[in-house]
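Taken in sequence, the protein lines are chains A and B. Following the numbering used here, the numbering of the first sequence begins with 1 at its first residue and continues without gaps. Following the numbering used here, the numbering of the second sequence begins with 1 at its first residue and continues without gaps.
Do not take every clue at face value.
Label-pair restraints from in silico Cβ distances [stated by the list, open to error]:
| # | chain 1 | residue 1 | chain 2 | residue 2 | range |
| --- | --- | --- | --- | --- | --- |
| 1 | A | T56 | B | D5 | 16 to 26 Å |
| 2 | B | G11 | A | T56 | 56 to 66 Å |
| 3 | A | P116 | B | D52 | 51 to 61 Å |
Here are a few chain B residues that face chain A, going by a calculated C-beta distance under 10 Å [stated by the list, open to error]:
| # | residue |
| --- | --- |
| 4 | K3 |
| 5 | E4 |
| 6 | D5 |
| 7 | Y7 |
| 8 | H9 |
| 9 | L10 |
| 10 | G11 |
| 11 | D12 |
| 12 | S55 |
| 13 | R60 |
| 14 | A65 |
To be clear, the hints were calculated from the coordinates, so they are not data collected in a lab. The beta carbon of each residue, even a glycine, is placed where N, CA and C say it ideally should be.
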Amino acid sequence: MTKLVIWSESGGVGKTTTAINLGAALGRRGEETLLVDLDPQPASLSAHAGYPDAKTADGATITDALLGDAALSEIVVEDEPFDLVPGHESLASLESTVRAEGISTAEFLLRSALDPLADGYDHVVVDPPATLNLLVDNALIATGNVLIPMEMTRKGQQSISGVLETVDALESQLRRAQPEFTLDVLGVLPNKVDGSSLNREVRDALEADAADVEVLPVTVPDYNVMERAWDAQLDVFRYAEEYGLRPYQEALLDAYRELAATVSAQDPAERRPGVTE
Amino acid sequence: MSKEDRYAHLGDGEAPAERPADAEADAADPGSGIRVTIDDGDEKVTLTVDPDAASVAELREAVLAASGDAPPAPLAAGVRSVLAAQRVAFEVGLTGAVVAMEQASSAPFGYRLE
Numbered sequence: 001m002t003k004l005v006i007w008s009e010s011g012g013v014g015k016t017t018t019a020i021n022l023g024a025a026l027g028r029r030g031e032e033t034l035l036v037d038l039d040p041q042p043a044s045l046s047a048h049a050g051y052p053d054a055k056t057a058d059g060a061t062i063t064d065a066l067l068g069d070a071a072l073s074e075i076v077v078e079d080e081p082f083d084l085v086p087g088h089e090s091l092a093s094l095e096s097t098v099r100a101e102g103i104s105t106a107e108f109l110l111r112s113a114l115d116p117l118a119d120g121y122d123h124v125v126v127d128p129p130a131t132l133n134l135l136v137d138n139a140l141i142a143t144g145n146v147l148i149p150m151e152m153t154r155k156g157q158q159s160i161s162g163v164l165e166t167v168d169a170l171e172s173q174l175r176r177a178q179p180e181f182t183l184d185v186l187g188v189l190p191n192k193v194d195g196s197s198l199n200r201e202v203r204d205a206l207e208a209d210a211a212d213v214e215v216l217p218v219t220v221p222d223y224n225v226m227e228r229a230w231d232a233q234l235d236v237f238r239y240a241e242e243y244g245l246r247p248y249q250e251a252l253l254d255a256y257r258e259l260a261a262t263v264s265a266q267d268p269a270e271r272r273p274g275v276t277e
Numbered sequence: 001m002s003k004e005d006r007y008a009h010l011g012d013g014e015a016p017a018e019r020p021a022d023a024e025a026d027a028a029d030p031g032s033g034i035r036v037t038i039d040d041g042d043e044k045v046t047l048t049v050d051p052d053a054a055s056v057a058e059l060r061e062a063v064l065a066a067s068g069d070a071p072p073a074p075l076a077a078g079v080r081s082v083l084a085a086q087r088v089a090f091e092v093g094l095t096g097a098v099v100a101m102e103q104a105s106s107a108p109f110g111y112r113l114e
């Protein structure tokens with residue numbers, strides 16, 4: 001099973017858009033895919049996937065599952081082309097809850113909750129908030145593999161170093177207790193690329209620094225049809241089927257198919273070392 | 001606080017794989033069950049017995065029955081079946097009752113004759 005967190009410390013770079021469309025592309029390859037919404041805010045993966053009310057729903061929630069009060073399997077929404085663990089607003093108080101209850105395993109809650117589901121899926125994709133907090137820590141530890149969506153701007157370029165610092169610090173510290181733990185970076189996904197000279201300059205700069213992180217050979221173009229897909233609560237593949245795309249917009253589908261092929265080809269046993277090498 | 005500092009505590013010890021609920025269940029909480037100490041002279045283990053599984057009287061009877069020293073067979077048999085499920089076996093030595101446990105790193109069962 002491949003586990004992956006879509007994360008960047010910058011907001012608005014397309015984490016959730018990447019998660020849902022990667023999930024859709026993986027599912028359309030016939031691979032069992034589970035998306036996990038680990039973001040408490042309303043405008044997140046659950047809403048994009050058509051479950052906006054899940055954030056405030058009664059009953060067992062992902063927070064309950066993390067705290068061991070429910071099984072994650074109870075929360076899973078089975079759908080096509082991917083299953084979904086909806087997020088919930090109560091995630092916002094998880095950190096204070098674990099402090100109040102003195103839970104010493106706070107960073108490992110998602111890893112433990114996902115374990116029973118491991119045999120049922122080929123891929124698990126986690127979408128946490130941008131802000132570095134306990135939810136992000138859980139996502140990083142549970143997956144051990146990060147995909148960084150990035151706008152090809154100077155701001156985006158600067159944000160990469162923050163992610164790499166986090167990955168390096170978390171991996172090195174946790175390995176003191178668990179030497180077998182690895183936290184890899186699958187790579188940087190150039191997102192919302194508009195073909196400007198600045199985009200190319202930033203990409204060139206990142207590729208020149210490839211010792212730190214790999215820029216994936218996939219480019220997601222910046223087309224506003226993605227916003228319309230969000231409004232329609234559909235991934236871009238479903239949106240294309242229901243509303244159609246202009247010929248040039250088909251490049252979006254190709255990009256996510258290529259990204260899915262890259263993720264699908266990931267063999268955890270053969271992954272090359274990440275940024276800590 | 002640097003990111004190294006943020007994660008420094010993770011390297012302080014092996015991170016438990018169990019979930020918090022499991023951890024709570026396994027924790028030795030004097031108020032949540034019957035506290036039992038097993039001491040054969042070489043090794044001493046303190047365990048917590050779920051009172052829903054067996055009462056103090058039932059445990060005492062089970063040990064006595066297992067030693068051939070006493071009575072209420074049906075009750076003792078019932079408790080013994082619970083004990084078997086928990087991978088716990090009874091023996092009696094010259095110095096008193098001994099509870100021998102298999103794979104009992106955190107077994108929730110035991111008994112002390114006092």
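Query raised in the report: At the C-beta level, are A:P116 and B:D52 separated by a distance inside 51 to 61 Å?
Result: 25 Å, violated
Requested in this report: Please verify that hint: B:R60, Cβ, nearest Cβ of chain A, below 10 Å or not.
Outcome: It is violated, given that the least Cβ distance between B:R60 and chain A is near 34 Å, above 10 Å.
Query raised in the report: With a cut-off of 10 Å, does the beta carbon of B:K3 approach a beta carbon of chain A closely enough for the hint to hold?
Result: 4 Å, holds
Query raised in the report: Regarding the hint that B:D12 lies at the interface with chain A, is the smallest CB-CB distance below 10 Å?
Result: Holds. Min distance 7 Å.
Query raised in the report: If you take the shortest Cβ to Cβ gap from B:E4 to chain A, is it below 10 Å?
Result: 5 Å, holds
Query raised in the report: Against chain A, is B:S55 within 10 Å by beta-carbon distance?
Result: 28 Å, violated
Query raised in the report: CB of A:T56 to CB of B:D5, is that within 16 to 26 Å?
Result: 36 Å Cβ-Cβ, so the 16 to 26 Å window is violated.
Query - Closest C-beta approach of B:G11 to chain A relative to 10 Å, hint status - result: 3 Å, holds
Query raised in the report: How about B:H9: closest beta carbon in chain A under 10 Å, or not?
Result: 8 Å, holds
Query raised in the report: Does B:Y7 pass the interface check with chain A, least Cβ-Cβ distance below 10 Å?
Result: Because about 4 Å separates B:Y7 from the closest Cβ in chain A, which is inside the 10 Å limit, the hint holds.
Query raised in the report: If you take the shortest Cβ to Cβ gap from B:A65 to chain A, is it below 10 Å?
Result: 37 Å, violated
Requested in this report: Hold the hint about B:D5 up to the distance rule: shortest CB distance to chain A must be less than 10 Å.
Outcome: 9 Å, holds
Checked against the numbered hints above, the structure violates hints 1, 2, 3, 12, 13 and 14; every other hint is satisfied.
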